[in-house]
Amino acid sequence: MNHLTTFGRFWYDFIIGDDWRLALGVVITITVVAVAAHHGTDCWWLLPLGVAALLTMSVTHATRQRRQ
Amino acid sequence: MTHDLFLVAAAFLACAVEMVEALTIVLAVGVTRGWRSAIIGTATALGALTIVVAALGPALAVLPIDGLRLFVGGLLLVFGLQWLRKAILRASGFKALHDEDAIFAEEQLAARAASRDGSRLDWYTFTVSFKGVFLEGLEVAFIVVTFGGAQHNVALAAVGAAIAAVVVGIVGLTVHRPLSQVPENTMKYAVGVMLCTFGMFWAGEGAGVDWPGRDASLVALLAFEIATGAALIWVLRRSRGSAELTGAVA
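For the protein sequence lines, the chains are A and B, in the order given. Residue 13 in my numbering sits at position 13 of the first sequence, and the numbers go up by one each step. Residue 190 in my numbering sits at position 190 of the second sequence, and the numbers go up by one each step.
There could be a bad hint or two in this list.
[Said to hold, decoys possible] Only some residues are given here: those of chain A computed to face chain B with a beta carbon under 8 angstroms: (1) D18; (2) L22; (3) I30; (4) H38; (5) W44; (6) S58.
[Stated by the list, open to error] Coverage of chain B stretches by chain A, computed from C-beta distances (three or more under 8 angstroms per stretch; other residues unrestricted): (7) 15–23; (8) 76–83; (9) 232–240.
Everything labelled a hint here was simulated from the structure, so no lab data went into it. Note that the Cβ used here is the ideal one computed from N, Cα and C, for glycine as well.
Make the full structure from the sequences, and use the hints.
Structural data, given as structure tokens:
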């Protein structure tokens with residue numbers, strides 16, 4: 001069980017890392033883009049804009065925490 | 001062609017960063033407790049990694065390409081954003097730089113403190129070397145398999161990784177010291193940018209979007225990511241500077 005927890009923690013730290021909001025934001029952005037494409041709307045621009053917004057939100061959150 | 005160059009460059013950078021970390025650990029225990037067990041541990045870890053890549057690589061080739069690109073693109077995007085976030089925080093002074101000298105000293109201290117059990121193989125050195133090389137190598141393997149898998153060209157991604165192994169290996173053998181002179185944060189920033197660029201491109205293709213300019217949009221996405229990161233570093237440095245100034249005045 002301990003090895004399983006260590007294994008799970010390694011992959012969580014490796015992929016999700018310090019800010020789970022980034023992972024959630026990526027999943028939501030890609031889902032919106034995929035659903036829009038499925039309905040005939042090509043909103044490719046949402047990916048770079050979404051990524052920039054997520055990154056800004058995440059570093060702002062981190063710096064605010066460090067200042068407090 | 002653009003795809004191929006990006007693939008090799010991204011795999012090279014990502015793998016070089018992880019290899020520097022693994023090499024620091026192996027050098028620390030090797031210098032302190034002897035090279036034989038450190039080399040055996042490293043070789044065993046490399047053998048285990050080869051098996052992992054050999055098992056995962058061909059399996060990815062039989063999966064449907066759009067589904068694979070959507071999944072791998074999303075994964076790389078999450079992964080790349082984490083790297084980029086850390087690199088931006090480090091570059092703007094909100095997070096301490098990764099100090100290979102400190103890690104080297106720490107590993108040496110732990111290696112000296114650990115007792116020897118008298119057997120021919122030094123299990124402490126073997127285990128630390130194996131763990132360091134296997135865990136960092138697993139990250140390398142993951143990057144190679146996912147990058148290569150999404151483009152149905154694991155071999156090309158492996159070329160980037162192999163070049164990184166040769167370069168880091170030669171430097172490590174030459175200096176016999178931690179590679180603290182390598183601008184690690186700059187490399188991590190570059191890797192984060194590359195991962196995000198590929199992640200967006202593949203996730204978009206997998207989701208069904210048509211990128212304007214097709215492969216050429218990779219260059220535009222790369223430029224956009226670099227500009228976003230640079231702007232964030234600039235803003236954070238300024239805000240940190242003004243906060244320190246306000247604190248000093250107060």
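Checked hints:
| no. | hint | in the structure |
| --- | --- | --- |
| 1 | D18 | holds (7 angstroms) |
| 2 | L22 | holds (5 angstroms) |
| 3 | I30 | holds (5 angstroms) |
| 4 | H38 | holds (7 angstroms) |
| 5 | W44 | holds (4 angstroms) |
| 6 | S58 | holds (5 angstroms) |
| 7 | 15–23 | violated (count 0) |
| 8 | 76–83 | holds (count 5) |
| 9 | 232–240 | holds (count 4) |
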